[in-house]
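Chains Y and X, in that order, give the protein sequences.
Note that my numbering has the first sequence beginning at 1, numbered continuously upward.
Note that my numbering has the second sequence beginning at 1, numbered continuously upward.
Source of the hints: derived by calculation from the structure; they are not laboratory data.
What you are looking at is a predicted structure, and each value in this text was computed from that prediction instead of being measured.
C-beta atoms are modelled at their ideal positions from N, C-alpha and C, and glycine is treated no differently.
Mixed in with the good hints there might be a few duds.
What follows is a list of derived Cβ distance ranges for each label pair [as the list claims (entries may be wrong)]:
| hint | chain 1 | residue 1 | chain 2 | residue 2 | range |
| --- | --- | --- | --- | --- | --- |
| 1 | X | A238 | Y | R265 | 33 to 41 Å |
| 2 | X | L284 | Y | D404 | 34 to 42 Å |
| 3 | X | A238 | Y | Y441 | 42 to 50 Å |
| 4 | Y | G108 | X | Y57 | 24 to 32 Å |
| 5 | X | L194 | Y | H304 | 49 to 57 Å |
| 6 | X | V186 | Y | H304 | 49 to 57 Å |
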Amino acid sequence: MKKAPIARILVALFFAALLAVPWMVRHLSAPAKADANPGAQAALARYGFSLQEVAHASGIDFVHQAPMLDSKLDGIMPEISSMGAAVSIVDYNRDGWPDIYVTNSAIGSKNHLYRNNHDGTFTDVADELGIADVNQPGTGVSMGAVWGDYDNDGYEDLFLIKWGRPELFHNDQGKHFTRVSDQAGLPPWINANTAAWLDYDHDGKLDLFVAGYYPEDVNLWHLRDTRMMPDSFEYAENGGRKYLFHNMGNGQFEEVSAKVGINSRRWALACAAADLNGSGYPDLFVANDYGVSELYINDHGHFHEAGKETGVGFAPKSGMNVSFGDIFDQGKFSIYVSNISEEGVLIQGNNLWVPQAGATLKYDNMARDLGVELGGWSFGAQFGDFSNNGNLDLYLANGYISLDRQRSYWYDFAKVAGGNSSIIGDAANWPAFNGRSLSGYQQKRLWLNDGEGKFVDVAQAVGARDTYDGRAVALADLWNTGALDIVVANQSGPLLVYKDTPSPENRWIEFSLEGTKSNHSAIGAEITVFWDGKQQLQQISGGNGFASQNDRRAHFGLGKNPRIEKAVIHWPSGTVQTLDNLTPDRLYTVKEPS
Amino acid sequence: MSQPTTQSKPPQPQVAAKPQFRGWVPISSRLNPYLPPIFITLILLIGNLSFGILESYSKTLLAIATAIACEMVLGRIFLHKWPHPASAYISGISVGILLRSPAFWPYALCSALSITSKYALRVRGRHIWNPSNFGICAMLILASQAVASLSIQWGNNFASLVVIWVLGTVIVLRAKRFHITLTYVVCFIALSFLRAHITGDPWRAEIAPITGPMYQLFIFFMITDPKTTVRSRIGQCAVAVAIAVVEFFLRLNSSIYAPLYALFWVGPTALLIEMAIDSRRARLNGETLPQQKAARA
């Protein structure tokens with residue numbers, strides 16, 4: 001190299017500037033964060049709402065128990081048994097007040113159904129109704145629950161997602177539940193973490209999609225051997241199969257997944273259905289652990305997988321959540337998929353799939369641009385307008401395994417995860433946890449949508465300050481006050497109920513739908529509210545997020561002094577209903593025109 | 001990663017080269033500078049078409065374009081000629097494969113850091129860090145909130161392993177550097193068993209990293225880089241042993257990117273020692289230092 005002193009100085013300066021870029025990026029693009037704990041009144045004034053954790057005060061003292069599996073897995077038991085905390089909202093007795101069903105996952109433990117007492121308290125009635133003792137030896141344990149009125153008798157029935165024998169319980173008019181799994185024709189064993197009710201063929205009867213995680217021939221309590229792990233951490237296809245149970249209308253279901261084009265053995269952790277391409281038929285989005293997401297487009301009762309062509313199925317990550325939200329108030333769903341981010345180790349980033357403009361269904365990941373990308377080891381998430389300002393916010397539960405705060409398992413995890421499939425696929429090859437944490441004690445995220453394309457994390461400021469290992473999140477107006485409360489199921493931790501207090505200046509409107517030609521639960525129905533030149537789309541879901549289901553009622557925040565133009569309901573039957581003369585701060589019960 | 005030229009012997013005193021008709025040069029010799037880029041591109045394409053290993057084509061292209069642009073500009077300024085882009089291409093492609101980030105800027109920055117380090121961090125006219133090793137280590141340390149390195153990729157299956165081993169072996173054999181790879185692998189495996197004995201972890205867990213794709217890239221393309229390894233064959237083997245030993249201790253300290261950091265420290269140290277020895281020998285013999293000659297060239 002020839003002597004060139006000035007050039008040398010310049011290149012040295014340039015080099016130093018390059019080294020300084022990460023520091024500058026870190027400071028300039030740090031996600032907007034609210035002040036920690038300014039107090040409830042200040043949070044209310046500043047962010048338009050505040051949260052208060054009221055589980056115990058409401059009579060809910062539920063602590064999740066994790067499963068204890070085959071002793072061959074003892075070394076990595078914290079990892080294998082790291083799921084099962086789930087929550088779903090249902091009005092099982094049709095009294096107009098949301099109730100809470102929460103799962104337990106230790107053999108012999110009981111699930112709870114918290115009946116809403118209308119006075120701010122809840123009472124566990126699962127035992128007397130026959131849906132508590134569902135984790136008996138030999139039958140596996142609960143991983144989640146989704147509710148849907150499969151026989152259109154007006155009462156929500158319960159499908160219990162299990163690592164083990166899946167169960168269907170018929171709701172006997174809110175007075176008792178009857179186990180009908182055998183009559184329904186469900187398989188003897190599925191290791192699933194997710195399921196969703198949907199009417200995929202528009203016959204007016206709810207069908208059921210169940211996505212397996214571990215293969216169905218694995219009994220985690222009696223392992224043949226320890227080769228039951230994924231064979232890849234990004235391309236695994238040795239997981240559980242998928243099931244689409246077609247409702248025959250006589251209490252029986254026919255498994256039709258292969259017949260309708262769903263063939264996958266990826267490791268599914270979350271699924272949800274919505275009409276994403278405007279065909280009128282519900283499409284299926286499946287978030288897979290150890291691989292790419294799958295998007296099954298519903299071609300009038302037959303599916304084709306369109307993950308790659310739509311852009312959502314290219315980069316393999318660790319999908320753990322699917323939730324839909326019209327975050328730009330433009331009548332289109334964006335999709336939030338949670339993944340893993342651990343500074344210095346693994347930066348997958350969560351995905352916010354925003355639909356492109358135009359007729360072709362294509363998505364862009366805008367999580368980074370909008371500020372909802374990094375959420376730690378993320379699990380369940382839900383969109384909801386917590387401040388009633390007219391913009392959908394996002395709550396995210398996170399944290400994987402919280403044991404010893406000082407010692408991390410990340411090194412051993414990364415060491416083995418990059419190895420050959422013959423090594424990583426065998427649980428015996430994984431170093432023992434020995435009490436170490438893996439992305440534990442993480443702060444939750446509650447991203448407030450500013451309505452201008454940015455989300456600001458206000459979790460600490462508004463009162464969501466727990467650091468439990470969050471799994472499932474479900475939203476409901478538990479006290480019928482026009483506020484979206486947040487229920488969080490934590491792995492090996494307490495069920496939390498965050499009571500929402502939005503600014504009274506902001507108005508709201510809610511809808512409770514009842515199908516007639518469509519399924520009675522109105523699952524799949526879409527409601528669009530038009531107000532103040534804006535519109536927001538929501539749908540009635542048969543299960544979404546991670547191991548969760550929101551309240552059947554649709555809640556819309558409207559902001560201050562709203563002028564509601566109309567609400568349009570697209571029923572699954574194809575019927576379009578327009579509601580005029582709506583006034584805010586009311587719950588409208590709407591029956592499908594026959 | 002490996003540069004397109006080999007340097008297994010110290011530069012010899014220049015003698016007037018006989019005029020040579022270009023047609024007499026064997027085609028394979030003329031292709032030599034292009035073989036590593038061709039092979040690494042093959043690995044990239046096979047990996048991506050079969051497993052989709054890249055974050056995206058656009059990020060990898062950004063890394064490559066940035067590396068080449070930096071090389072062209074800096075080479076023009078310092079060498080007063082347009083440098084051959086093959087070396088920068090390999091650095092860029094290495095960044096594209098090894099770096100993982102959902103953002104674009106780390107790819108551009110890592111490539112720029114890698115290439116600029118060649119011109120900014122020089123001792124006696126010679127750059128002492130493997131460029132992509134430097135760039136990736138710098139990113140892992142300085143931008144840990146935004147990047148990680150490839151660790152769980154390429155399907156963890158046997159087919160990808162075979163592809164990289166075959167292509168990698170061809171390249172390092174042609175470059176006469178297979179002994180470096182072999183020495184490191186033998187040491188890593190031996191030390192894995194020792195680590196398993198010390199930690200009580202399954203020995204397969206300790207072996208696991210070397211069965212993954214990151215290590216294949218590391219052992220074939222990074223530690224064999226002619227520009228940033230010592231000259232003597234024994235010295236090269238000794239450096240490979242030293243890298244494995246330093247990595248051993250880093251691993252005992254739960255360092256996730258132990259091999260990259262081990263090379264980051266051992267590589268330059270070995271070169272500095274070699275320079276010191278050369279310097280002492282030259283002083284004793286009153287000779288011109290090989291690296292001074294190389295710098296002049």
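### Message
Is 34 to 42 Å respected by the C-beta to C-beta distance linking X/L284 and Y/D404?
### Response
violated (58 Å)
### Task
For the range 49 to 57 Å, tell me whether the beta carbons of X/V186 and Y/H304 fit it or not.
holds (50 Å)
### Query
Does the Cβ-Cβ separation between X/A238 and Y/Y441 fall within 42 to 50 Å?
Between X/A238 and Y/Y441, where Cβ atoms are some 45 Å apart, the hint holds.
#### Entry: CB-CB spacing for Y/H304 and X/L194 relative to the 49 to 57 Å hint
Given range 49 to 57 Å: holds, Cβ gap about 53 Å.
### Verdict for X/A238, Y/R265 (Cβ pair) under range 33 to 41 Å
For Y/R265 against X/A238, whose Cβ atoms are near 48 Å apart, the range 33 to 41 Å is violated.
#### Entry: Beta-carbon spacing of Y/G108 to X/Y57 - inside the hinted bounds 24 to 32 Å or not
violated (53 Å)
Checked against the numbered hints listed earlier, the structure breaks hints 1, 2, 4; every other hint is satisfied.
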